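Those sequence lines, one after another, are chains P and F. If you count the first sequence from 1, position 75 lands on 75 in this note's numbering, and the numbers rise without skipping. If you count the second sequence from 1, position 61 lands on 61 in this note's numbering, and the numbers rise without skipping.
Treat the hints as calculated values from the structure; they're not laboratory data. Source: prediction; values computed, not measured. Check each hint, because a few of them may be wrong.
[As the list claims (entries may be wrong)] Calculated pairs, DSBU-like style, for lysine-lysine (alpha carbon to alpha carbon, straight line, at most 30 Å):
#1 K78(P) with K67(F)
#2 K179(F) with K78(P)
#3 K195(F) with K179(F)
[Claimed, not checked] Partner residues aside, some chain F positions facing chain P, computed with beta carbon under 8 Å:
#4 M1
#5 T27
#6 I32
#7 N33
#8 V39
#9 T41
#10 R43
#11 T46
#12 P109
#13 R304
#14 Q305
#15 E306
No residue lacks a Cβ here, since even glycine has one placed at the ideal position from N, Cα and C.
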Amino acid sequence: MPPRLILDSARFSITIRRLCFQLIENHDNFSNSVLIGLQPRGILLARCIREELNKLTGNNIAYGELDTTFFRDDFRMKALVPNTTQMECPIENRNVILIDDVLFTGRSVRAAMDALQQFGRPNHVELLVLVNRRFSRHVPVQPDYVGLTVDALFSEKVIVQWAGDMNTAAITLTSAESNDRS
Amino acid sequence: MIGVKHLLGIKYLSREDIDLILHTADTFLDVINRPIKKVPTLRDLTIVNLFFENSTRTRLSFELAEKRLSADVINFAASSSSISKGETLIDTVNNILAMKVDMVVMRHPKPGAPHFLSERVNARIINAGDGAHEHPTQALLDAYSIRRKLGEVSGKKVLIVGDILHSRVALSNIFCLQKLGAEVMVCGPPTLIPKYIEQLNVKVETDLRKALNWCDVANMLRIQLERQDIKYFPSLREYTMLYGLNRNLLESLNKELVIMHPGPINRGVEITSDVAVSNHSIILDQVENGVAVRMAVLYLIANRQED
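Work out the full structure, taking the sequences as your base and the hints as a guide.
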């Protein structure tokens, strides 16, 4: 079956803006909040949301990029190459917003929660995802902010196509092997 | 994925394997500089450090790397073992593996001992030095230290000074640096330079000043008196006069030079104390980088899928 477009670039930028306004509702001026993108694919979304929020609030919002490779539970099953972790600020007693592109089995987010402990004890942790694939969770993880909810077969793959530019972004659904990295 | 099942020597690694190890070491260097210096990656593995020869730095560095990856670690020193009662290497290792050990880090005075073991036991083997043959993790951490200090290894001129004949560090460094695109020169008394070393595409110089003028990095090796069964030079004093690096010589060169030493240092022989602690020296960086590189090696070898 050919790939099916489920979110085009026009709706993509509307979705990003909507997520930003939802964040502003809960985090006000972000003085005690930190945005953390999950490597490798969540960081593009996180950078984009940070840029948008900085424009909307006029603040320079605290930001980090977290690699979860060493905390994953499937590392012995396949060769995983680690990415960089960059945490510009401490997260002790701060409100953390974890950002990833697709929430599928929930294992990445579980690993991220473990990885986060290395940098302190956050006050509160929330999860923002661009795509929430329902009914496919392996662990009890649910998002707080969702761009798009998708019900798809386990064998289907949700592909977020973009290089950080919303004008060329699209989300498609393809029949492929399971995407168990998300 | 790394191309080898065991780390027996640099000779068996490809350029891509070395790049992967150095790239992975970057992330581990970040880990060991965090407030919590530990990740749970190897929590399900047990690793034995099998040392048939004395070691301080390498054994501690491996043990620290293993603990920071959350592996269970057991240490074995030949001097306090049943080796002295006549047990063979394979029997010793198989007995240890029967206790459900997954990986073996081994140092042995005989060249080829880890290769021999890797063909006969069911565990991943990491060579921590085999006689005068190879010391792959030292070469990797040396290359990593050069890369961190100078940006890249490719195109750099690296000089190795001292007892090349008995040095496993020299051989592994030559293989590693050449695979990464560096030029290598060795310098020392002619009696301590192997006869056919030119076949490795290495420059040879017996005048230390000329050699230092040529290089970007100088790796000063220790004279391995414990491996020398005959006299290779008249006296240590004479060796120091001709091949020791002191402040006067360093300052007279009037150039930026990176000084390395794999340790242990014999202060006042191959290098004076003031040079060892000078701004040119990255000797302690090498030790820190060693833990990150060994974490990378353990991580990549442990995670390699079976063929």
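Status of each hint after checking the structure:
no. : hint                 : verdict
1   : K78(P) with K67(F)   : 22 Å, holds
2   : K179(F) with K78(P)  : 27 Å, holds
3   : K195(F) with K179(F) : 22 Å, holds
4   : M1                   : 4 Å, holds
5   : T27                  : 4 Å, holds
6   : I32                  : 11 Å, violated
7   : N33                  : 11 Å, violated
8   : V39                  : 4 Å, holds
9   : T41                  : 4 Å, holds
10  : R43                  : 10 Å, violated
11  : T46                  : 14 Å, violated
12  : P109                 : 33 Å, violated
13  : R304                 : 7 Å, holds
14  : Q305                 : 7 Å, holds
15  : E306                 : 11 Å, violated
The earlier numbered hints that this structure contradicts are 6, 7, 10, 11, 12 and 15.
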